[in-house]
Amino acid sequence: MRKLALSDEILLTIDKPARYIGDEVNMVKKDLDKVDIRFCMCFPDVYEIGMSHLGIQILYDMFNRREDTYCERVYSPWVDLDKIMREKEIPLFALESQEPVKNFDFLGITLQYEMCYTNILQVLELSQIPLYAKDRTEEHPFVLGGGPCSYNPEPIADFFDFFYIGEGETVYDQLLDVYKENKRLGGSRKDYLEKIAQIEGIYVPSFYEVSYHEDGKISSFKKNNNHAKDTICKQVEMNLSDTFYPKKPLVPYIKVTQDRVVLEIQRGCIRGCRFCQAGMIYRPIRERDVEFLKSYACDMLKATGHEEISLSSLSSSDYSALSELIYYLIEEFNGKGVNISLPSLRIDAFALDVMSKVQDVKKSSLTFAPEAGSQRLRDVINKGLSEESILKGAMDAFRAGWNRVKLYFMLGLPTENEEDIEGIAVLADKIAREYYTITKDQRNGKVSIVASTSFFVPKPFTPFQWSRMDTAEEYLVKQKFLRSKLNDQLNRKSIKYNWHEAELSVLEGVFARGDRRISKVIYDAYKAGCLFDSWSEFFHNELWMKAFEDNHLDIAFYTSREREVDEILPWDYIDVGVTKAFLWREYKRGISEKVTPNCRRACANCGADVFNGGVCYESREGAAL
Amino acid sequence: MKIRIKFTKTGTMKFIGHLDIMRYFQKAFRRAEIDIEYSKGFNPHQIMSFAAPLGVGLTSQGEYLDVSLLSCDEPKIMVEKIKGAMNENIQVTGFHFLSDNSKNAMSIVTAADYKVALKDGYAFLSKVEFEEKFRAFYQQKEITILKKSKKSENQVDIKPSIYHIGFELDEFSDKIGQRRENTVDISETYENDVKIYMQLATGSVNNLKPELVIEAFCEYAGLTFHEFAFQVHRMEVYAEKNSGKKPTEAFDIERKLIPLEAMD
Numbered sequence: 030m031r032k033l034a035l036s037d038e039i040l041l042t043i044d045k046p047a048r049y050i051g052d053e054v055n056m057v058k059k060d061l062d063k064v065d066i067r068f069c070m071c072f073p074d075v076y077e078i079g080m081s082h083l084g085i086q087i088l089y090d091m092f093n094r095r096e097d098t099y100c101e102r103v104y105s106p107w108v109d110l111d112k113i114m115r116e117k118e119i120p121l122f123a124l125e126s127q128e129p130v131k132n133f134d135f136l137g138i139t140l141q142y143e144m145c146y147t148n149i150l151q152v153l154e155l156s157q158i159p160l161y162a163k164d165r166t167e168e169h170p171f172v173l174g175g176g177p178c179s180y181n182p183e184p185i186a187d188f189f190d191f192f193y194i195g196e197g198e199t200v201y202d203q204l205l206d207v208y209k210e211n212k213r214l215g216g217s218r219k220d221y222l223e224k225i226a227q228i229e230g231i232y233v234p235s236f237y238e239v240s241y242h243e244d245g246k247i248s249s250f251k252k253n254n255n256h257a258k259d260t261i262c263k264q265v266e267m268n269l270s271d272t273f274y275p276k277k278p279l280v281p282y283i284k285v286t287q288d289r290v291v292l293e294i295q296r297g298c299i300r301g302c303r304f305c306q307a308g309m310i311y312r313p314i315r316e317r318d319v320e321f322l323k324s325y326a327c328d329m330l331k332a333t334g335h336e337e338i339s340l341s342s343l344s345s346s347d348y349s350a351l352s353e354l355i356y357y358l359i360e361e362f363n364g365k366g367v368n369i370s371l372p373s374l375r376i377d378a379f380a381l382d383v384m385s386k387v388q389d390v391k392k393s394s395l396t397f398a399p400e401a402g403s404q405r406l407r408d409v410i411n412k413g414l415s416e417e418s419i420l421k422g423a424m425d426a427f428r429a430g431w432n433r434v435k436l437y438f439m440l441g442l443p444t445e446n447e448e449d450i451e452g453i454a455v456l457a458d459k460i461a462r463e464y465y466t467i468t469k470d471q472r473n474g475k476v477s478i479v480a481s482t483s484f485f486v487p488k489p490f491t492p493f494q495w496s497r498m499d500t501a502e503e504y505l506v507k508q509k510f511l512r513s514k515l516n517d518q519l520n521r522k523s524i525k526y527n528w529h530e531a532e533l534s535v536l537e538g539v540f541a542r543g544d545r546r547i548s549k550v551i552y553d554a555y556k557a558g559c560l561f562d563s564w565s566e567f568f569h570n571e572l573w574m575k576a577f578e579d580n581h582l583d584i585a586f587y588t589s590r591e592r593e594v595d596e597i598l599p600w601d602y603i604d605v606g607v608t609k610a611f612l613w614r615e616y617k618r619g620i621s622e623k624v625t626p627n628c629r630r631a632c633a634n635c636g637a638d639v640f641n642g643g644v645c646y647e648s649r650e651g652a653a654l
Numbered sequence: 054m055k056i057r058i059k060f061t062k063t064g065t066m067k068f069i070g071h072l073d074i075m076r077y078f079q080k081a082f083r084r085a086e087i088d089i090e091y092s093k094g095f096n097p098h099q100i101m102s103f104a105a106p107l108g109v110g111l112t113s114q115g116e117y118l119d120v121s122l123l124s125c126d127e128p129k130i131m132v133e134k135i136k137g138a139m140n141e142n143i144q145v146t147g148f149h150f151l152s153d154n155s156k157n158a159m160s161i162v163t164a165a166d167y168k169v170a171l172k173d174g175y176a177f178l179s180k181v182e183f184e185e186k187f188r189a190f191y192q193q194k195e196i197t198i199l200k201k202s203k204k205s206e207n208q209v210d211i212k213p214s215i216y217h218i219g220f221e222l223d224e225f226s227d228k229i230g231q232r233r234e235n236t237v238d239i240s241e242t243y244e245n246d247v248k249i250y251m252q253l254a255t256g257s258v259n260n261l262k263p264e265l266v267i268e269a270f271c272e273y274a275g276l277t278f279h280e281f282a283f284q285v286h287r288m289e290v291y292a293e294k295n296s297g298k299k300p301t302e303a304f305d306i307e308r309k310l311i312p313l314e315a316m317d
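Those sequence lines, one after another, are chains A and B.
With our numbering, letter number 435 in the first sequence gets 464, and the count goes up by one each step, no holes.
With our numbering, letter number 183 in the second sequence gets 236, and the count goes up by one each step, no holes.
Derived by calculation from the structure, the hints in this document are not laboratory data.
Treat each hint with caution, since some may be false.
Heads up, simulated BS3-like pairs for lysine-lysine below, C-alpha to C-alpha not over 30 Å straight-line [unchecked claim]:
1. B/134 / A/59
2. B/136 / A/32
3. B/262 / B/228
Listed below are several chain B residues computed to face chain A (Cβ distance under 7 Å; list not exhaustive) [to be verified]:
4. 65
5. 84
6. 91
7. 93
8. 110
Just so you know, even glycine gets a beta-carbon here, dropped at the ideal spot from N, CA and C.
Generate coordinates for the entire structure from the input sequences, incorporating the hints supplied.
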């Protein structure tokens, strides 16, 4: 029997032992004596969340295709096991071999959201790897980061040996080849970092120095090592149909968040919503070939036995062969007990037809993300969704038997006023009124509308990266105001209101646009007991506030401050293709309520055409709206 | 058609709970492209029922589930097909056709055989001491334990629910009147050799967990009971041969137990 890192006694005491035993269906097994490189891939959150992440499945497959490399996985131990591991000094281990992570060559951490930062320190500490990169020696693994938060890695720069800016498919092979070569030549840790600093997309924070003005703004950002590059260019995979994609994804034993086959149909987005970081950093939009997707859908369902397949993209309706793909999936699988789930689909006649074919009408609800309550504010954020199309979509669906609607909004968007907030309540009420225009015998009971608001957090590489963010107090005032306006509506009883916690969003705002000085705050908060911050039951705002105070750093400096066009932003050394000039232009257009058409209607000259492909080189004749 | 599948659950799979085992089988059947019948309605699910769910931490070589198939090949081919979609720690060992009017596995379970073995590394009695004391414990007229439920506490005599015990496989086989093959579970690797075989009442009417017997023994012998010190391995699950017929006299009826796989 495979030897497990944890004893029976521990595994039978903790919640969900299956999180820690590995051995899932399609897990890769390799002979450790026959590999040169051991790579541990980490998602710094609990297993059920981490296992649902597509990126890791892609990289896991890609690494393990190399004969000389064994890629294994690790996730954050839940708090029950965390406690035991600390008490008994059990080193954190990888699921496949059950061997300590500290013995690996690399620990790669995916950075999907800011509130997982303390979990990174947990993984390092439990692995018995020094938290600060500067304290690591030749015997420690290289700790690297990638994923959306690496587009401003500065707040966690001190904990990482290097970052990988861009999509994983591109330069990883080079990193591993150079590692083997360096090891063969007896090169040091520093030698390796100097070699890879020359690879496009690799950022080694210790090769750069930041100085600050007295007011806290950055005065200069300079490299201190000649091997380092002046700018780090984001790496993208331009041919998505001719690249890595797992045909045999891992199948967990326990129910995970995404317990289904995930088919990524395209990357990027044409829409240009001004708050959306993914829509900017993943430009240009690139589609996968529909025949490729059909064949992968079949292979993946066969290899996993999953009973659901989900299409993944930022805006599925923009995929050019969507109807062909969906009708194929319905035809092939819907009769065989396979559910087809279609997130990010605009509600139109096609969507309703598809939904009525694949979903149980009584159970599903419609989802709209207008993001803002008024047309004026939707123009500011460039969200191309009109009230008319929401009402029409809802009405068509009501007539077809739906009676539940979910609405997503943000509070605190730039230029927001009371009318915009009230607009959320009015829109929710209008949808309910539409429903009740249907005669009683034709409709399906009462309507249920759920309006949710999150707080707007400005992100790097978006037109709003210069914007002021509301304080927690301002957010709460807005949320209460909206609550009261919802209560004023005729159909208030049909409308349920959910909101996000303000304090968490403010902290997210600091990490999103923070600089290197924030590393110490994260370190102190972690040492004071912060962990699993994105889980509200473990979020301790007061510990965070104290950590900022102790380090003499002001939250408002990072969040509630409008930035000037010429300020050096902490992430300015990264080149994502989309230019700063375009983002600034979009910022100004947003403030003056000007809409920018989507990429297929007109090119806005954002700069992403440097990657020589995707939508930038499509013919725009007869393009869809 | 109704099918009864027998399978093992060993190694790391002992940490996977019953509900997840169900999901595991559903996926494995899909991977193996088994022509399984789905229920009708809004949320179709595979028609599947398990006999006597096994607790987390226990291993087994005698697990059963019943499924309904629309078409299938010979048992031998089917076992191979399912195996191909399985993990080494869940192995299909039997595939039996059932008559259409047969009762489902869950409802007919009345007894099970267990091997309970002391894991290495725990301070406990030696093999000789253990067997001697356990015999004395078992020879008591009544073995009463305090059964705690949410509402009340009850004194219960578990002696009638312990059908047979044995310390060696041959001895146990003789007592239960069935030949048992040597087991291939983890306990064979333990060095201490402290172990006991038991046939216990199992099922919805009367159910006795082997852990409870050991706990009662520890109390009797004045020993501390360590919850994780013993590895429980289920060897077989039985139904009453004449299930459905009423016993004429409650006490002298002879139990005729047959393994679930021998039912039709």
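Status of the hints after comparison with the structure:
With a C-alpha separation of about 25 Å, the suggested pair residue 134 of chain B and residue 59 of chain A falls inside the 30 Å cut-off, and the hint holds. A C-alpha spacing of about 23 Å is found between residue 136 of chain B and residue 32 of chain A, which places the hinted pair at or below 30 Å, so the restraint holds. A distance of roughly 20 Å separates the Cα atoms of residue 262 of chain B and residue 228 of chain B; the hinted pair therefore holds under the 30 Å criterion. Using the Cβ-Cβ criterion of 7 Å, the hint placing residue 65 of chain B at the interface with chain A is satisfied: the shortest such distance is roughly 5 Å.
Look at residue 84 of chain B: its Cβ gets to within about 4 Å of chain A, closer than 7 Å, so that hint holds up. Hint on residue 91 of chain B holds. Least Cβ distance to chain A is approximately 5 Å, under the 7 Å limit. Hint status for residue 93 of chain B: violated, given a least beta-carbon distance of 11 Å to chain A, over 7 Å. A hinted interface residue such as residue 110 of chain B counts as satisfied when its beta carbon comes closer than 7 Å to some beta carbon of chain A; here the least separation is about 5 Å, so the hint holds.
Consistency note: the structure conflicts with earlier hint 7 alone.
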